[in-house]
Every structure is written in C-alpha cells, then in structure tokens.
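Novice: Residue numbers (the working numbering), protein chains in the order written: chain S, 88 to 250; chain B, 186 to 970.
Among the clues, some could well be false.
As a list, the in silico BS3-like pairs of lysine-lysine whose alpha-carbon atoms are at most 27 Å apart [unchecked claim]: (1) K89/S <-> K201/B; (2) K240/S <-> K890/B; (3) K240/S <-> K204/B; (4) K214/S <-> K213/B; (5) K204/B <-> K232/S; (6) K143/S <-> K325/B; (7) K232/S <-> K201/B; (8) K589/B <-> K638/B; (9) K241/S <-> K244/B; (10) K890/B <-> K244/B; (11) K213/B <-> K232/S; (12) K241/S <-> K347/B; (13) K315/B <-> K240/S; (14) K297/B <-> K207/S; (15) K232/S <-> K850/B; (16) K168/S <-> K204/B; (17) K251/B <-> K89/S; (18) K241/B <-> K369/B; (19) K577/B <-> K168/S.
These aren't lab readings, by the way, just hints derived from the structure by calculation.
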Amino acid sequence: MKIQLNTTINDLLVSVEIEQDARLLDVLRDNLGLLGTKEGCGVGECGACTVIINGKTANSCITLAASMEDCDIKTIEYLSKDGELHPMQESFIDNSALQCGFCTPGFVLSGISLLERNPKATTEEIKEGLSGNICRCTGYEQIIKAVEDVRDKKYNKDGASNE
Amino acid sequence: MSLFEHNNNKYKVIGKDIKRIDALEKVKGTALYAADLYMDGMLYGGNVRIKEYPAKVTKIDTSLAKAIPGVVEIITCFDSRAKKHSWADYCYMTDEVKFCGDVVAIIAAESKKVLDQAIKSIKVEYELQKGVYTVEDALKEDAPIIREKGVGLVDGLPSREKKGNIFIDSYYPVRKGDVVEGFKNCDVIIEREYNVPFIDQAYIETEACLVYCDPKDGSITGESSAQNPFFTRRYLAEASGNTMSESRLIQRTLGGSFGGKEEGVGVQIGRAAILHKATGRPIKMVNSREESLMDSSKRHPFNFKYKIGATKEGKVLALEATLIDNCGAYNNQTQFMNWRSSVHSAGVYEIPNVKTDTFGVFTNNVHGGAMRGYSSPQVIFAQEQLMNELAKELGMDNVELRRKNIIRQNSRTATNQLITEEVILEEMMDELLNRSNYYNKKNEYEEFNKNSKSFKKGISLVTCFRGAGLGAEGIDANGAFVQATEDGSVIISTGLAENGQGLQTAFAQIAAEPLGITIDKIHFHSVDTHAIADSGMTVASRGTTMGAQSMKKAAERLALIIKEHVAKKFCTTVDKIDCKDNYYYVVDENFPSNYSNEKKVAFKDICNERMWGGEQLAVYEWFKPELNDYNHHTGQGKAFPTYTYNVCIAEVEVDINIGSVNVTKVTSGLDCGTVINPNTVRGQMFGGIVMGLGYAITEEIELNKGRILNDNFDSYILPTSMDIPEMDLVLFESITKEGTFGAKSVGEPSTEAVGAAIAGAVSHALNKNVDHLPCSLESILKYMD
C-alpha cells in the first residue's frame, strides 16, 4: 500500500508517495535520488546508511520511512549544498581519511554529529562516537585524526585550513 | 639508515603527500558506485538458491511467482535459454548444486519488492546428496567425488592416476637440497600442525551491476563493481553471446575489494546479461550482504603440517611441509595462489634443504579465492609460529633465531633464487626492536604474568617477505595512455583499476613526475574496456610496482616529445631542457634549479601550439618485464624480480577468564622501496593492521554442512574504531632497480604479518602454542584448560 510522506530533507519540504513498509534508505535513494547514503549490510551494523534525524545519527536501513512524518532529516548532500565543503569534509581529504569512499559519507556525518553533542570529545570519545560505522580500508586511524582536527578547530568556517 | 625521508628532494611529486585525486567526490557522497546507477525501464534482477548442498534439483515450480504482477522474466536452470557453466569454473545457473552460492533460477522484476516476493514464491524440489566439507573428509579413500577433474593421493602426493578431490592444477612442489640429509645433521627437530579458517573480504559495498544495450550499435554494456574490468568482460561477452568488441565493461567507483570482486561480480554480470537478453531491458543486480557472503570468494583455509630442524646454535638446516587448502566447490584461483604459497612456504629464511608440497582440495563449501595476501597471511602465521616453537625448543630468543637465518643480500631463497639486491631486513628488525622497546617490554610482561591471575601480556616479532607483482605466476605486462590537451591538462588511463587503494593518485604522480606538471592538471580516466586495452588484473599488489611502468614510459615519451619542441624553439638540444611546475625551460648551467629566465615556456602553450600545428600530443606505451626463469615441477628458480620486506611487532593483553584478546600496540615496518605517496602508504598500513587484527581475533566464516551461519555483520565481527591498537609505522626505502621509480608492493605486505604477530604475542602471553586462528574467546579458554 502506498502512503504520502511529508517531511523535511536537507532543509527542503518534501512530499513523496512511498510504500507503507519502505525503508528510509530506499526512499532517499530510489525515490529522491540522494545516492550518497549507502547500503552496506541492511541490518544496522555498518553505518554506511547513516543520516541525521532531528539532530541524531540513525541507520536509515532500519528506519521505517513512514515514521519520518514531519522530521528534520539531513544526508551527506546537505553538507555541500551551497557548493562549499564542511570542515569535516576538508579534514577527511587533508588527513587521507578515506580509501574506497563507500563508508565515507556515514563517517563524515557521525563525526559531525559526535562533535555537535560533545565539542571537546576526547580521542576515546571520538572512537566511541565512530564505532557504529565500519570501515574496512583505513584502519580508522586517519579518520579519528580528521575528527580531532575539526575538534581542535584547525578548519575555519569557510572550510580553509588555518594551518 | 634506509628510513624514508619526508623531505627528500630527489623528485618533484614522487614521495610527496599529494592529496588523493578522487577524494572530493567521495567526501561529498557524489562518487558513483554501481548500485547508484538507475536507468529508464530498468528491471531488478535476483537469484533463487536452495539451503542445502550438494543437491540435484529435480523440479522448479515458478507458477506462483509468475502470477505476481511486476514479475517480468523467470529463467530456471532447466530453461533452454539458461547458460550454465562459465569459462572460469563457476556456474551462472545449475541443477547440480554444489555449494551455498549456486543459483537455480534467475528473475527480473519491476521493483525490488516484487523481486523479493517472487524469489520466495519459487518452489524448488531436489534430492540431497552426500557432501564433503572438510579437507580431512575430502581426502578419505571413500569420500564422494565432488568434481570430475579431482585426483587422488598416491604415496601421499597428488596423482592423476587416481580419482579423488584434489585440484591437481593447484599442486606445487618445492625441492631444494636434500631434506633427509639435512635433518640428519640437526640437533633439534620439531613437528607442528596449524589451521586457519575461511574469512571474508568484507568490503562495505556489496557486488552490483547494471547491464544494458547501447542503442547506437547494439553492443552490450555492463557497469560493474569489478576489481578487474577485463576479467569481468569475459563473463559479459560469454553470457550475452557477443564478441568482446561488442561487450563493454565500465568500472564504477569501487567500494573496496581486497581480491573479492573477481569471480562473484563475473557470474553476477553474466546472470544480468542473460536476463537482459531475455527481456531487452536494462537489468540491475545488487547483492544483499547475505548474498555477498554466500556468493563471493573467501580467504582459503589451510591445514599446515610442518617439520623443521636446526643445529643447537640455531642454524636451520631443513624444512619439510605439506600445505593443504580448502578450495570449495569451484575454483579459478587456487591454481595460481598456491604457487605463491609454495614460493613463500619456508618463510624469509635461508634454509639449505627444503621440501614442501602445496595443493588444494575440493569440498562443498564456498570457494576460496583471492584476499589481500593471496595465501601469505595464512602461511606466515604457520611459518612464524613454527619459528617461535623452534626457538623455544632450542632455548633461544625468538628474534635471535630469526637473525641467524634471515635472507640477506646474496642469500638463496627456498626456490634457490639468488637475492642480488640490497636487503635491509636486519636493519629494520633493529630499528623496530628499538622503537618498540621490545626486550624491556618482554621482560616486563613476563614479570607481570608471574603475578597476574586474570590478565596475561605478550609481545612478539615476526618477519616476512613478499614477491612483488605476479612474478613467475604470470606475465606482468601492462599498457598506459597519456594524452595532453590544448589547455595543458592531461588525461591518463590504464587497464589497471582504482579499487580504493589510491592507484589513481599514485599513477597521477608517476605521470606528473617526468612531465613536469602539477597534479591538478591530471585527470585519471577510470577503466572503460572500450577506451583502453587490457593490462591484466589489478592484483598481487602489482599496480604501482609493475603496472605503472607503462605509465612512466608513456609520460617520459610525451615529455621527450615536448622537450624536443622546446629545444627547437630555443635553438638548443633536448638534454638542455628541463621541466617543473607546468613550465619547460632551458637549463641555465650556472643556476641549474633556476627557471625564471627568459628561456621558458608554459606547458599549456606548447600543447596549444602542437595541437593547432597537427603535432602528436598523446602516447600509448606497453611494458613487458623480462620473464623469470622458473621450473614449476621442482619449484626452483627466479620467482620474483623483487621482494617487499616486512617486520611487525604486536603486543597484547589477554583476559584469561573470558578469553578476550586486547591488542594494545602494533609496530609495523615496511621496506616498500621508493615511497610514491607517504600518506597512501600509511593508509594501507593502518588498514592492513586492523584487517590483520580481525583475522587474528574475531573473523571466521562459521559453516554447517556448507551453509554459512554468520551471514551478516551482526554475527561476522569486524574490528571497529574501538578495537584498534596504538599503531607505530616505520617506512624504509631500500634500493631496487625493479619497480616503477624503485617502488615495491604495499597493499598486501601491510596486512600479511599482522595476524602472525598477534598470534605470537598471544602465545607469549599464555605460554602456549597458538595453533589456529582466530584467537576467539572460546579458543583462548581452551588453551587455558
């Protein structure tokens, strides 16, 4: 059965006809073409499908789209919608914090979200904040460093490095 | 000292921390992976499998599925349109199901939801047959024969004279000296057995493809998550019935592979091509994680039986071993991989007498294939644990035993290859012993363990080497295309593929160096089989060391063409022209590094002039290395042109009450020759350490009669950011005349020693011989019983 979903995605009001049992991940990708949100496991373990819902990270592969009425959803596309990179994206590039890139959107969002909750996060707290995302390529070290650099304000608001 | 120097000014862009050229689209989420492709009129393709194996399928009832609105096509293995066997041993579809990944029918539907319903509605009837799942059972005299081509054992060795389950093409002997005589002169001889399980590459992107027809000319196009696009094209051409010239394979951004996206993506694209032929519509196929685990190849499990002997002074005189791996039901890898296992079967040691036999055995399991290391993580684990046991038996320090036996310049390897190049392994060992404070920690941990009831600490060093590239396994040839455009930007392409490892950036640096241009001028065009020729596979950590040789050649030739142009312009000779930062200039002999003189011209201006003057601006070059003189019957000869050397020290803390292993620190040293991009090398090493940690502690495909029990990441446990140890990396640069700009391998060496080092540290902590991986909770508790 189809239903109408009205919600806010990346600051835009969206009204979209969806399957009643559709996953948020499928609505983002198949209905709305927001392809930066990836599917890695489908069971909420790998974090490749991470989005931010009402300020908190969530796995969109285990989120029922129909439950998203009147929510504030942000995907990786939100970050560079004005053409500029978010400091976290800059920091990932500068720290070589990515290889194949498939998990990268999820990690970038988790990194931003954990610093929003805890701007002075310690390295251990950063590791914990990223532990819902799996990366098979990097061994996490350069990702942690990328988040630490943003925490340490090595990037100013327009995304350029202060160093 | 051969430590990598960050401020080495020998090169302009080589050895510098150039940012990845594919990073921007990846952080923005705009990089297009195969599953991100959509097309008008596209159908979703899927597979029907059964849950017990081996089995003979007798009937498939599709009537319920056909009645579901939105189901467009169903092709069963009994359908006349079904293509069964692929060129590479695996089946697109079959009624003789041999393992969990075998497919009995394929379906195309209008939506994913309808597809899922249809798959569940297919009724398959089958007769279950007697299966064989372990190497031990497969080698029994009365074992059911799984494959027609399997052979048996005669006098303990594979022989075509008898039927059995041995994959004869994967048998490689090594015969050096005389082990019988060698053992006679030994004061100490030990025998040990080791076992390792199937594990998964576990790339986060599952296999995906889109197959469609090019409306212009009717040729079939597949866009795929292929590690090796040309290899995948063979399946596309075969399944569609098209010629290769009418089968086009485009590699999309690859979400990790580590050796896994070879045969699995091949049969997938074949199935999609069959559905495309039947429906005339674009077919998209995306594996779920569960399907990926069932269908894709795994790291081979091995059973190792080793015998080693040494004098009481610690000189190893003889080594004898049998290395048997579990191939699964089909295989197109073990016959190549086991050659590498055999070459490295005696470790990085100079042993005068070596006799080893390596072969694979068919079982009704998922197939063994390539996974980062191509047998080295398994062999090094067994080999290095064996050395630790020998040291214990001799009453000798583990490191000293290694020091007495390691390969040095002018040593002869197990294959009797004379190592003529510089070897800095001992220097690397000393540097790492020093940095990690090895001996103090060893003593400290042993003291700690005497008094600690719940926790035990351990530290261990392992050494190894790795043949770079394909060596005598194949011909390491490759081609590359470099074309400059009129605005001074340059397009480079090659038959080798970016798989996430950083190949694009490394190749861009290798092209930029001779051309004297900056990285931002270079665009890497990823593999499209209609736009570039086959260069073999992106495997064996060959990309930079061997695969970039043609890129270097092509860039050098184009640079020469440009230099000739500039020389003519300034009425001088080519040898007087140099280039950097997008300028070509006449070298002022008084100020050789100064190019701010009048006699300079911008690269873009030369390109523009040549373009409008009808002059050549593009170069294609081919590289074929000299062939290695190797005898595959005796396992003797030159196996590889050059080797990467590796030293790894791991430290662990084991909770013996619950069996958990905490890896506290890994110090890893790699001699990879010239470092092309330090940050990329470090990224490979960090990733390699953490992948090795998973191999050592948590990862194992659990099987019950060939069925995979842990088929997603909630039960197949990968390391997270919470599990990583402190990591200290040391890059060494030895000198080699082989390899592009003297670069050796990085990707696989980064991980191959780690599992062994952790197992060694656990052995030290528990004072036990860790004889299998992973060091799971259960196995630690068993050691402590």
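Novice: With reference to the structure, classify each hint as holding or not holding.
Specialist: Hints, one by one, checked against the model:
Taking the CA atoms of K89/S and K201/B, the gap is near 55 Å; set against the 27 Å cutoff, the hint is violated. About 55 Å separates the Cα atoms of K240/S and K890/B, which puts this hinted pair outside 27 Å; it is violated. For the suggested pair K240/S and K204/B, the alpha carbons sit about 20 Å apart, so the restraint of at most 27 Å is met. Restraint check for K214/S and K213/B: the C-alpha separation of about 22 Å stays at or below 27 Å, so the hint holds.
About 16 Å separates the Cα atoms of K204/B and K232/S, which keeps this hinted pair within 27 Å; it holds. Straight-line distance between C-alpha atoms of K143/S and K325/B comes to about 57 Å, which puts the hinted pair past the 27 Å bound. Restraint check for K232/S and K201/B: satisfied, since their Cα atoms lie roughly 19 Å apart, inside the 27 Å limit. Between the alpha carbons of K589/B and K638/B the distance comes to roughly 36 Å, so the proposed pair goes past 27 Å and is violated.
The straight-line distance between the Cα atoms of K241/S and K244/B is roughly 65 Å, outside the 27 Å bound, and the hint therefore fails. Using a Cα cut-off of 27 Å, the hinted pair K890/B and K244/B holds, with the two alpha carbons roughly 23 Å apart. Between K213/B and K232/S the alpha-carbon distance is near 19 Å, which keeps this suggested pair within the 27 Å criterion. For the suggested pair K241/S and K347/B, the alpha carbons sit about 69 Å apart, so the restraint of at most 27 Å is broken.
Taking the CA atoms of K315/B and K240/S, the gap is about 64 Å. The hint is violated against a cut of 27 Å. In summary, the hint linking K297/B to K207/S is not supported, as the alpha carbons are separated by about 44 Å, beyond the 27 Å threshold. Restraint check: the Cα-Cα separation between K232/S and K850/B comes to about 17 Å, which is no more than 27 Å; the hinted pair holds. A hinted pair counts as satisfied when its Cα atoms are at most 27 Å apart, and K168/S with K204/B qualifies at roughly 23 Å.
For the proposed pair K251/B and K89/S, the alpha carbon gap of about 23 Å is at most 27 Å, so the pair holds. Distance restraint check for K241/B and K369/B: the Cα-Cα separation of roughly 53 Å exceeds the 27 Å cut-off, and the hinted pair is therefore not satisfied. Straight-line distance between C-alpha atoms of K577/B and K168/S comes to about 62 Å, which puts the hinted pair past the 27 Å bound.
In this structure, the hints that do not hold are numbers 1, 2, 6, 8, 9, 12, 13, 14, 18, 19, in rising order.
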